[in-house]
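Given these sequences and hints, build the entire structure.
The first sequence runs 1 to 288 under full-length UniProt numbering.
Among these hints, one or two may not hold up.
[Unchecked claim] Taking CB as the label site, the calculated pair distances span:
#1 E172 <-> L19: 21 to 31 Å
#2 V159 <-> R56: 54 to 64 Å
#3 D107 <-> G213: 34 to 44 Å
#4 Y80 <-> R17: 18 to 28 Å
Hints listed in this document are in silico derivations from the structure and should not be mistaken for laboratory results. Just so we're clear, the structure is a prediction, and the values are computed from it rather than from any experiment. Glycine included, every Cβ here is placed at the ideal spot set by N, Cα and C.
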Amino acid sequence: MSDLHEPVLGWYDAHARDLPWRDPSASAWSVTVSEFMLQQTPVARVLPVHAAWLERWPTPAALASEPAGEAVRAWGRLGYPRRALRLHAAAVAITERHGGEVPAGYDDLRALPGIGDYTAAAIAVFAHTRRHAVLDTNVRRVLTRLLGARELPPTAVTVGERARATALLPDEDATAATWSVALMELGALVCTAARPRCGECPVADACAWRLAGYPAYDGPPRRVQTYDGTDRQCRGRLLAVLRDAPGQVSRARLDAAWPGAEQRERCLRSLLEDGLVIRTSENTYALP
DNA sequence: CAGCCGTGGGA
DNA sequence: TTCCCAAGGCT
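In structure tokens form, the structure reads like this:
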């Protein structure tokens, strides 16, 4: 038992947020939906959409029985709407290949659309209490500071990071699961990317980064993605028109949503290629 | 594998 | 106001 376990688990017990997908009664499907929605979207914005989603589609089969466009519409403004498409596709696969039950094994989960290393581990651990390292951006930042004496982790997960995270897992499955969610929560609430609250950290005394005097990040520059005027913004505008309309939308309505014709054409084409939009007639479009 | 894929809120 | 994100995945 690492001497980090007790203080971190104790801190989590006292300070963890009461989130619906963490409730003991939460289904594996609820956890799955939350993990898709939380991919790059803050908790506060996920909460209401997650509740509405579970109310409408309490099981994977319920979602799978509806057109993918309904998932895109219900996704609302969470961003990255391809996630809605992938969640719908995952529901279909779960229904067809796993009898409607969210699989518990990492490999089965990893094979589902929209589920990468992080999400497969998260569902296996948080929904099925499996013992597996969960390496999200929060956990990576916490462990990098605590053990690596650096401010931020490298761009991609390294074998060393994974080995350290795995070696640090408590022996018991349930304790390991709580440990993983506790590290995530610590990263989200205390060991934040900017302005870490070391005064509130249960393992500040053991933190290699703090003990080294908080050396500044020295890796490759981390690019800030621009947004205004990009294809992402244009796609967002076009899709918002489709989402907010009950049925089909005329080409003119879409044209009015973005000024640049060339960029608008490119983006509409890419939305069609992604399957987020379908053409319903010569001059009308709709959600799939 | 670096770049692309949305969005709205906090500092 | 402007900047910087926030529980990734895919190609």
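Hint check:
1. E172 <-> L19: 21 to 31 Å: 23 Å, holds
2. V159 <-> R56: 54 to 64 Å: 42 Å, violated
3. D107 <-> G213: 34 to 44 Å: 43 Å, holds
4. Y80 <-> R17: 18 to 28 Å: Between Y80 and R17, where Cβ atoms are some 23 Å apart, the hint holds.
In summary, the one numbered hint that this structure violates is 2.
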